[in-house]
Amino acid sequence: MIRVQEADFDVGNELEAMTAGNTRVGGLCSFVGLVRDMQAAGTVHAMTLEHYPGMTEKALADIEAEAQARWPLEASLIIHRYGRMEPGDRIVLVAAASPHREAAFEACHFLIDWLKTKAPFWKREETPDGAQWVDARDSDDVAAERWGRGDT
Amino acid sequence: MRVLYFAWLREKIGTGQETVDPPGDVTTAAQLMDWLADRSDRHADALAERSAIRIAVDQRHAGADELIADAEEVALFPPVTGGGAR
Chain A
615 MIRVQEADFD
625 VGNELEAMTA
635 GNTRVGGLCS
645 FVGLVRDMQA
655 AGTVHAMTLE
665 HYPGMTEKAL
675 ADIEAEAQAR
685 WPLEASLIIH
695 RYGRMEPGDR
705 IVLVAAASPH
715 REAAFEACHF
725 LIDWLKTKAP
735 FWKREETPDG
745 AQWVDARDSD
755 DVAAERWGRG
765 DT
Chain B
21 MRVLYFAWLR
31 EKIGTGQETV
41 DPPGDVTTAA
51 QLMDWLADRS
61 DRHADALAER
71 SAIRIAVDQR
81 HAGADELIAD
91 AEEVALFPPV
101 TGGGAR
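Sequence order for the protein chains is A and B. The numbering of the first sequence is this note's numbering, which starts it at 615 and goes up by one. The numbering of the second sequence is this note's numbering, which starts it at 21 and goes up by one.
Hints listed in this document are in silico derivations from the structure and should not be mistaken for laboratory results. Any given hint might turn out to be false.
Below are the DSBU-like pairs computed for lysine-lysine, each with C-alpha atoms no more than 30 Å apart in a straight line [what the hints assert, rightly or not]:
# : chain 1 : residue 1 : chain 2 : residue 2
1 : B       : K32       : A       : K732
2 : A       : K672      : A       : K732
3 : B       : K32       : A       : K672
Residues from chain A that face chain B, not an exhaustive set, calculated with beta carbons under 10 Å [said to hold, decoys possible]:
#  : residue
4  : S644
5  : V646
6  : G647
7  : L648
8  : D651
9  : H694
10 : Y696
11 : D727
12 : A733
Idealized CB from N, CA, C, for every residue including glycine.
Based on the provided sequences and hints, a complete structural model is requested.
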């Protein structure tokens, strides 16, 4: 299940919906990405996420399909927001449900690592000096490499 | 074909989308960028540093040598920065 949306989401409701009525699930693992304030306490530095409508959904569906192929999953979920967000706001939820906990942990980790290198979002931060586009980091590519082949 | 620009590419060029009709000898994404760079100083500035630009052809990630003759949509953008926390 993939959702790309401007609106916030409720983590509890989303996780409950993933496994409701499915007693084959032994483990449900989730990750929530939040807006972190890089600046001094008390200052609000918002950011805006731009995305590529059409490709965003395709890219996330490809990532999810790869996870479903590599691990035995009963359910998977990616919700990614776009638009203006402030420190503390939720940006993304990824979750994976499996009969076994290792698969749930690994698939969840894979989903977030992969989407950080492949999902077409771009972050622009508001700073005292004006709006600045954030550069991608090599550490994201390195993190994704831990999962091996990159043919998604 | 449609060419889409995102993030600072869009800001530098001044538009997020344009429809173009490159000549027949423009066959790869790299050649398309060369051709687009000639459209204006703003295009040339935006497309100057190729290592900072990523490509999608018909909404799938592609390399600079991807053939684009039959593409409906080519997008040019910086490396992606979604997902939240580092």
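What are the numbers of the hints that this structure violates, sorted from low to high? Those not satisfied are hints 4, 8.
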